[in-house]
Every structure is written in C-alpha cells, then in structure tokens.
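Peer 1: Each chain, letter by letter, is given below.
Protein chains: 2
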Amino acid sequence: MIRSWRAATPPETVERRDSVIALVREGQAALVAAFEALDPAHPFAVREWDRPGGGGGSARVLDGGEVFERGGVNVSVVLGDDLPEEVRRQRELPRGLDFFATGISMVLHPRNPHVPAFHANYRYFEAGKMDDWWFGGGADLTPAYPVEADVRHFHGTLKAFCDRHDIANHAAWKSWCDQYFTVRHRNEMRGVGGIFYDDLHLEQEGGWEAAHALMADGIRTLHDAYLPIVERRRQDPWTERERWWQEIRRGRYAEFNLCYDRGTRFGLQTNGDIEAVLMSLPPMTRWETDAVPEAGTPEAAALRYYQPGDWA
Amino acid sequence: MIRSWRAATPPETVERRDSVIALVREGQAALVAAFEALDPAHPFAVREWDRPGGGGGSARVLDGGEVFERGGVNVSVVLGDDLPEEVRRQRELPRGLDFFATGISMVLHPRNPHVPAFHANYRYFEAGKMDDWWFGGGADLTPAYPVEADVRHFHGTLKAFCDRHDIANHAAWKSWCDQYFTVRHRNEMRGVGGIFYDDLHLEQEGGWEAAHALMADGIRTLHDAYLPIVERRRQDPWTERERWWQEIRRGRYAEFNLCYDRGTRFGLQTNGDIEAVLMSLPPMTRWETDAVPEAGTPEAAALRYYQPGDWA
Chain H
6 MIRSWRAATP
16 PETVERRDSV
26 IALVREGQAA
36 LVAAFEALDP
46 AHPFAVREWD
56 RPGGGGGSAR
66 VLDGGEVFER
76 GGVNVSVVLG
86 DDLPEEVRRQ
96 RELPRGLDFF
106 ATGISMVLHP
116 RNPHVPAFHA
126 NYRYFEAGKM
136 DDWWFGGGAD
146 LTPAYPVEAD
156 VRHFHGTLKA
166 FCDRHDIANH
176 AAWKSWCDQY
186 FTVRHRNEMR
196 GVGGIFYDDL
206 HLEQEGGWEA
216 AHALMADGIR
226 TLHDAYLPIV
236 ERRRQDPWTE
246 RERWWQEIRR
256 GRYAEFNLCY
266 DRGTRFGLQT
276 NGDIEAVLMS
286 LPPMTRWETD
296 AVPEAGTPEA
306 AALRYYQPGD
316 WA
Chain B
6 MIRSWRAATP
16 PETVERRDSV
26 IALVREGQAA
36 LVAAFEALDP
46 AHPFAVREWD
56 RPGGGGGSAR
66 VLDGGEVFER
76 GGVNVSVVLG
86 DDLPEEVRRQ
96 RELPRGLDFF
106 ATGISMVLHP
116 RNPHVPAFHA
126 NYRYFEAGKM
136 DDWWFGGGAD
146 LTPAYPVEAD
156 VRHFHGTLKA
166 FCDRHDIANH
176 AAWKSWCDQY
186 FTVRHRNEMR
196 GVGGIFYDDL
206 HLEQEGGWEA
216 AHALMADGIR
226 TLHDAYLPIV
236 ERRRQDPWTE
246 RERWWQEIRR
256 GRYAEFNLCY
266 DRGTRFGLQT
276 NGDIEAVLMS
286 LPPMTRWETD
296 AVPEAGTPEA
306 AALRYYQPGD
316 WA
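Residue numbers (the working numbering), protein chains in the order written: chain H, 6 to 317; chain B, 6 to 317.
Chain H extracted, bound-state conformation:
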C-alpha cells in the first residue's frame, strides 16, 4: 500500500511521510494489542486493501467480541492528483491539487451499555507538492450512561496531553470537538466530546516536527484516556432497558456519521475500502419514535451530558 508514490517524490518528503506512516502503524499495533488483551478469545481480523487511485490501507476489525461488540483500528494512505471535494471545501482550496494523506482512525462499540464507545483519529495531509501540509486529530467518548468520574478522567487525560505541547490549545480543541460532534438536526452531541483539531499547519510555530511530535503523543495518550474506563465498567451488570438505551444512542451515532462526519465523507469520496470506512457504524442499532426518557431516570440524566460541559 505504501510503495507506489516513492519513486516520484523528493527524499525529504519521503522521509516525512514514512515517519508519519511509522507512527500510525506502530499506534495501530499497540492499540490493537491493548484491546485484544481485554478479550483474548476475540482477536481483530486483518483486512488489507489497495486503493485503485493510489495508496491503500490496513484495517484491523472485530465483529462479535465479548468486550467490543464491533470495532476497528484502521490505517490508510490515500493520494491522488485532485484533492477530494470534502477537503477542498473545508480549506477553501482549488480543484486539481495533488494530495497525500495518511492517518489512523478507530471506533470501538462495546457490548456492555455501561462501557462508553470510543473514537479517535489522527491524520496528516499534504496538498500541492508540499506547498501546504497540515495535521489534525482528536478523540471523543460516547457513553450511553455517562459516569462523571469517567468523563472527568477522559477529558483530564486529554487536557494533560495538550498541556505537554506548546502548540496545543486545549480549550479551543475541546470546544471544537463539542461543536464538531453535534448531531445538528437534534441539537445534541453524539457523546460527551473530547478534543478535535485540524489547524496544525505550515505556518505553525515549531514547524512540522512539533506537529508530528504532538501526533505521536496524541496516539500514545489514547491508551490512558480510554482503557481504564473500559476496565472499570466492563463487569457491570446490565438490564434490557439499558441495552435498549444503548441501541437508541447508537442510532444517533449512525445519524452523525452518515450525515455529518467528514472522515466518512472523505472515505466515501476517495473510494476507500467500504468496510474500513464504515467500520464506525454500530452493531445492533435501533430507531424508535420519541425515545425520550422520562424525567428522573438514568437515561434522562445521560441526556444532560450530551451538551457542552466543563469536564477537564
């Protein structure tokens, strides 16, 4: 998946790209190993794919696990001579720019309604022969039953990560995440947020190296941000009603990803492997009219968390 572009690329660009590709591949191996350690009986399958236009990917996917009912950790390299519409529109770039993109993306949908779903994505783009480059990333948590201590742990870990980097801006990236992961037609966040950034670019203080170092640390931080929460909640007993609420919340997840998620649109527009692009979609999902919980229930308490809050 990563050979074809090398010959025609200047050595210093090759070196940079390789160093990001190494990050995402190492990140994938470490995270999959950590997820598998929670449920050794259900290893992630390997799914390698080539992209006709250039590049490809390696997805590690799981269906029917005990801890994770469905999930995946995908790395990909995508390149071409016409930056996809989704990215052009975001960055107000013209048609016909050659581009290179690589990143790691993961989504985990736990079986137990008390274990939050998790998403993270770290990515690197070049457009127009290195005339422009940028890094983006972030992670967010989607509990059906938010527990304040867990939400604080997750946000606190991400804030501590940001605080380790001069070029990070936790307050701005937290707000960006709240805004980005909003199911607009319901005026409700998909979950409890986290961080989201897309603005580490060419003119960045510290340059490419600082943005790259931040990405490396960001991927490592995912272990500490998420795994302790899984450990704490995975043995919690759960009821039919809690399962029902989890399935309803997964419906919101699917609505967000199919209606609004840029990564999903980018994947569909670049003809990525469809199973890798849509690995984010939940397993058992439910739509039902007026699934609005009654006041005083744990489900009504959950709803309050799906609005921006100060959790770091």
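Mixed in with the good hints there might be a few duds.
As the list claims (entries may be wrong) - Part of the chain B face toward chain H, derived, beta carbon under 10 Å:
#	residue
1	48
2	77
3	187
4	191
5	252
6	255
7	256
8	269
9	282
10	286
11	288
12	292
I should point out that these hints are in silico values taken from the structure, not numbers from a laboratory.
All values derive from a computational prediction rather than experimental measurement.
We put the beta carbon where it would ideally sit given N, CA and C, even for glycine.
Knowing the structure of chain H, use the given hints to seat chain B on it.
Peer 2: Coordinates of chain B only, in the frame set by chain H:
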C-alpha cells in the same frame, strides 16, 4: 397546520393547494386504515406538528407492531420565503424564492423478513408565486428476500398505473427509480425499485389538472401495489439467519436515507419534525464487516435483485 398562508394567497392558488392537501389527507386516512386492518391490535399513533417557519404536518406512526415493526404515513405542508438548498440545487433555482410544498410520504418496515419494506412519496411544489410548480412521486419495494412473483406484481401494478396516464412514462420513471435508490458507495440498489418521477411541471401537456389526477391515482394505486404482497408473506415462518439478513439490509436502508435521500435532506433543512422526518429509519438494524452471503444461498440470490432488472 394549513391556515396561516391562506389570507395572503390568490383564491385560485388556495383552491389548487387545498385540492392537493385533500388528496394527501384522504390518502393518509385510507392507507393507515388499510395497514391497521392487517394488525388491529397496533393502531398508528397520531403526531401533529407545527413548523415555526410556516406549515406543519400530521404523522401517523407505529412502533412495535406485529406486522409492521416500525413505520409511518406522514403528510406535511411546508412554506417559506427561501426555497431550501436541496431543491434549489436539484432544479438550478436561485436563492430567495418563496415556496410552498405539500406531500404524503410513507415507510413501512415489516417484522417478518419475508415481507418487503415499502416506501412511497407523492409531492407538490410551487416556487416563486406560482411562476413555477411541479409534481413528483413514486413508490419502491425493499425485500430482504425478493420473490420474483411479488417483484413482478409490484412493478406490473405501477406500470398499469402509468399506462392509464398519457403524461406518465413508465420506462423512464422505472430507470429513474433504479438510479435514485442506489446506495452509491456500494453500487447496489436499496431494494428492487419501482417508479420515481419529478418532472411533471409548468409546461406539462394536460397542465396542472393532469398532473394532479395522476397524483391522485398514484396514491390510490399503492394499496394494490403493496398490500397483496404483505398478505401473501405475512404468515411465512422465519429463521434467525433470515432475521440477520433483514437487519443487514436495513443497514443499507439507513445508509441510503441518511447519505443520499433528498426527502430526508429536505426535511432536515426545513426543520421538519425530526421524528416525522426520520420515521423512515428502520427499527433493529445491524452493521457487520463483510456481510456478504456465500454463493448458492438465498441471500446471494437476493443480491441479484438489487441491480436494475426488467420486472414489469
């Protein structure tokens, strides 16, 4: 829901609008009565909603029925002074046109995997103070297990309906439907198609009256097109595997509706009642990596039907 616009509207326009509103209301009452007759223990709930910008709707919705696991028959009136982007883009119209739209839309998701899901929509638009008007409509069938006789019955009934109207073009409307209801990122139709038209407008031979008469007949025809299939299949026994395949196909249904469906986007853009707009989304739905049936199975046989075929 239908009073506020009358005072400021010329009488002949009021008369036309009222006559379409009567069609969709009568159609709703008759179809809901027919669906309820199949399962008297589970009547459709009534959901009336006002639209802040003007208009509103009346949805009849069902969750947890025996024959229909989820479904709805919605009528709505939407008006305003800036035609939504979704419609402007389709028809290459400028911003700032006042508009009026009314229609009937229905989606039925049966519980039994052998009973096909069903969708139909008939609609009427005006833009720019009657400088422009158009009618659109259509119906399509989404079986998890297509039975050739049922598919032929459905298409044959729609063709006979088209043949009763000089201004209808069955061949073109059938192709339009095949194309429209394609899940583009999978290069696969949502179901087995039907008819779709959006081109009965101002310059139409026979004028407004002929287009209106076609709409009336189109709504009546839905009974004959769909109900006999439900009757034939509703007692069929079904297995866990068949349920699994139905849930997988519902995932495709949700992908289409959230990614591509114009009616869904129009509903979200015009701030329609969210439960009425999303009543099309299936109840229990499943995503799973590589849910590709093995050759020789009934599920593999089903896949062949999700490409354009000659069934009328």
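Peer 1: Each hint needs a verdict: does it hold in this structure or not?
Peer 2: Hint-by-hint comparison with the structure:
no. : hint : result
1   : 48   : violated (14 Å)
2   : 77   : holds (8 Å)
3   : 187  : violated (13 Å)
4   : 191  : holds (6 Å)
5   : 252  : holds (8 Å)
6   : 255  : holds (9 Å)
7   : 256  : holds (7 Å)
8   : 269  : holds (9 Å)
9   : 282  : holds (8 Å)
10  : 286  : holds (4 Å)
11  : 288  : holds (6 Å)
12  : 292  : holds (4 Å)
In terms of the numbered hints stated before, the structure departs from hints 1, 3, listed from lowest to highest.
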